[in-house]
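J.: One-letter residues, chain by chain:
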Amino acid sequence: MTDRAEITKTWKLFIGGAYPRSESGRVLPVHDVNGHAGGRAIAYAAHASRKDLRDAVEVARASQERWAASSGLLRGQILYRLAEMLDGRRAELVEAVRMGGRLGRGKARLEVELSLDRIVSFAGWCDKLESVMGGRNPVAGPFHCFSQIEPVGVVAVFAPDEHPLLGFLSLILPPLACGCSVVAIPSASEPVPALIVSEAAPSSDIPAGVLNVLTGSHEELVPVAAAHRDIDAVVAAVPAELAKTLQVGVAENMKRVRLIDPQAAFTDESAWNDPRAFTGVTEVKTVWHPIGI
Amino acid sequence: MTLSKPSWEYAPAPETLKVDIAPEYGLFIDGAFRVPRSGRMFATINPATEEPLAQIAEADAADVNDAVVAARRALKGWRKLPALERAKYLYRIARRIQERARELAVLETMDNGKPIRETRDEDVPLAAAHFFHHAGWCDKLRYALPTATGADPQPIGVCGQVIPWNFPLLMAAWKIAPALACGNTVVLKPAETTPLTALRLAEILQEVDLPRGVVNIVTGAGATGRELVHHADVDKVAFTGSTDVGRAIATAVAGTSKRLTLELGGKSPNIIFADAPIDQAVEGIVSAIWVNQGQVCCAGSRLLVEESIVDEVIEKLQYRMRSLRVGNPLDKNTDVGAINSRAQLERIEGYIRTATSEGATHNSVSDAALPSRGFWCRPCFFTGVQPAHTIAREEIFGPVLAVMTFRTPDEAVARANNTMYGLSAGIWTSRGSKAYEIARQIKAGVVWCNTFNQFDAAAPFGGYRESGFGREGGRAGLAAYLA
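As they're listed, the protein sequences go chains H and W.
Residue numbering for the first sequence follows numbering that gives the first Met the number 0, beginning at 0 and increasing consecutively.
Residue numbering for the second sequence follows numbering that gives the first Met the number 0, beginning at 0 and increasing consecutively.
Hints in this document: simulated from the structure, not taken from any laboratory.
None of the values given here were measured: they were computed from a predicted structure.
Do not take every clue at face value.
[Claimed, not checked] In silico lysine-lysine, BS3-like type, Cα no more than 27 Å apart, as pairs:
| # | chain 1 | residue 1 | chain 2 | residue 2 |
| --- | --- | --- | --- | --- |
| 1 | H | Lys106 | H | Lys50 |
| 2 | W | Lys87 | W | Lys139 |
| 3 | W | Lys315 | W | Lys331 |
| 4 | H | Lys127 | W | Lys433 |
| 5 | W | Lys79 | H | Lys127 |
| 6 | W | Lys139 | W | Lys79 |
Kindly produce the complete structure, drawing on both the sequences and the hints.
T.: Pasting the structure below:
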């Protein structure tokens, strides 16, 4: 039996439901720090440019209104299906998480299970967030006054290196669940777990453009996202210096920013199953109407 | 149908209460009034007469620091006070505002220029209600913001709050009441042109024995506000005012751990569909743009009228506009009072000139006599406005309405959302299903269907987009003051 040559993979961007290369032609090396391939790159992922980010924002904007208008029940079923789809790729996810060298196989398996459970948990929020955070306001005058919880719109997500799968999911799930579309930039050093999620998205019926995943440099893309006029909010688990760049940049058009400590305890289930996870990606809209004959 | 010019003569009905105003006011720091370290004073004037009302202390960096230190010192005791005890102080404040309501209304009208009818019926009762409402939250915070761990929500700490001149007492209440209810302490900077009711509120805080340092009030202009926003020991900044200043504040707090909420400008649409109750809608237009001389962040300054009814709406609006009484704000029959300052009046007049030069048509009441002194601007509206015109895009903060038309609901929504702001919107239609669908599609934090400019302590208020972030009022408003 001759040795079979492996089919090596090129990981691509995920924009508008398609998997293009970066328009820049650049790639990022993907390493397996556990020593396979002797420290050489075992694969390459597309290295997104600012133009790729702008293209992704455009398709994210085009898809957002319809995603927001779909029922919470439907969004919940779609996110639950994402968990179903990824459960079948558990072994691949464990391998991808382990590849970063932070976790052994046993811990990587737990991390993947926790990640899949987080998807299930947020699938449940889709049609409950408004019951918990919105409602009728008991105003003094003769008015029916209520506050509804709306998605902010297009959200850019910068996911942490630590917990390349769990951190990525913890940041993209709240905006997706409430009806935002997302342009996510995963960890540049360990992008593969997020890219596996991107490959499961279309078969989960996440509409094209609602989730976009761009592998690339945070240093390069944070200022672009901060200055972009058609991004409504940025959720970022980035180091302090980049966080400041972001905060200064967003002041221009008053984007919402949610900063998350890159070292946050992503594994703490109770801390994440919290309506405050939706801070920065939702808006409260108060509607008044007179009551009378 | 032609509507003739109304000619109703009213006998003068001036508010007669004489309010004591001291010749000068110090800073309210650590429970007492004191002279500013800066040694500087400035005058606050009555914009309806241009007469000075009092000399006001101007706080410099050292004064602001004193206030922040006092707030920091008071924080420990205030946050540890049993929640219902904290509540009782807020209830007391609410009651004292009610008891001194008439005096506060007169003082507000004198310092701000807005009609006594508004300060008496809106500003002061709403300010009292805000304290009353938030008093009740003090011991219920754990139900306000549910958390997975079930832990009691904690205050943020020392809050630096900067407020505008258009609703001076009401904005002070909107800022102080939720901050205190959540266990924070406060340094408040009122607007330079309207400090008097905040200082009267400081007297009330003394009367109710609020522990010293829990609320500190530093008066001054923009420089004083900057000192407060930049102070390293302020944990949270809350600002209501212009989008430009909001941007500067957001930049200033970048890279710090300060929490921030901003309530900024607007260019809010007021949409009248052909199936609306037209007479009610015309009243809605009046309260949307001419209340408080249009100096309202959520003013309905862009009127979008369905094309088929535009002639009827404009005719009725013209008729209604002529019946507005412009003049002495202390007269109980006055509808439109004085503009708050000369600078603001010049700004508004500049926009009126720009609108005319860009080709829009000015409609106003040209024959009404105005007082010889004071800052006056007749209510007006412009027709023939294009979306690209300056008055269709920029916040004027005056009694100036831009009228535009639309043909379909989709076009109405597109035009309404064609702005970088998103504070409020009005929708006028007799069809409930249509109102709620349009409300859903509008990008704004507050949507008034068949009404406008309604406010309530229980109803969250705040903007989308460049109108800022964070909410004030109701349960959502508490999130801005909890860690």
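J.: Now, for every hint given, state plainly whether the structure supports it.
T.: Outcome of the hint check:
1. Between Lys106 of chain H and Lys50 of chain H the CA atoms are separated by roughly 38 Å; this puts the pair beyond 27 Å, and the hint is violated.
2. Taking the CA atoms of Lys87 of chain W and Lys139 of chain W, the gap is about 14 Å. The hint holds against a cut of 27 Å.
3. Distance check on the hinted pair: Lys315 of chain W and Lys331 of chain W sit about 24 Å apart at the alpha-carbon level, within 27 Å; holds.
4. Restraint check for Lys127 of chain H and Lys433 of chain W: satisfied, since their Cα atoms lie roughly 25 Å apart, inside the 27 Å limit.
5. At roughly 34 Å between alpha-carbon atoms, Lys79 of chain W and Lys127 of chain H are farther apart than 27 Å, so this suggested pair is violated.
6. Using a Cα cut-off of 27 Å, the hinted pair Lys139 of chain W and Lys79 of chain W holds, with the two alpha carbons roughly 15 Å apart.
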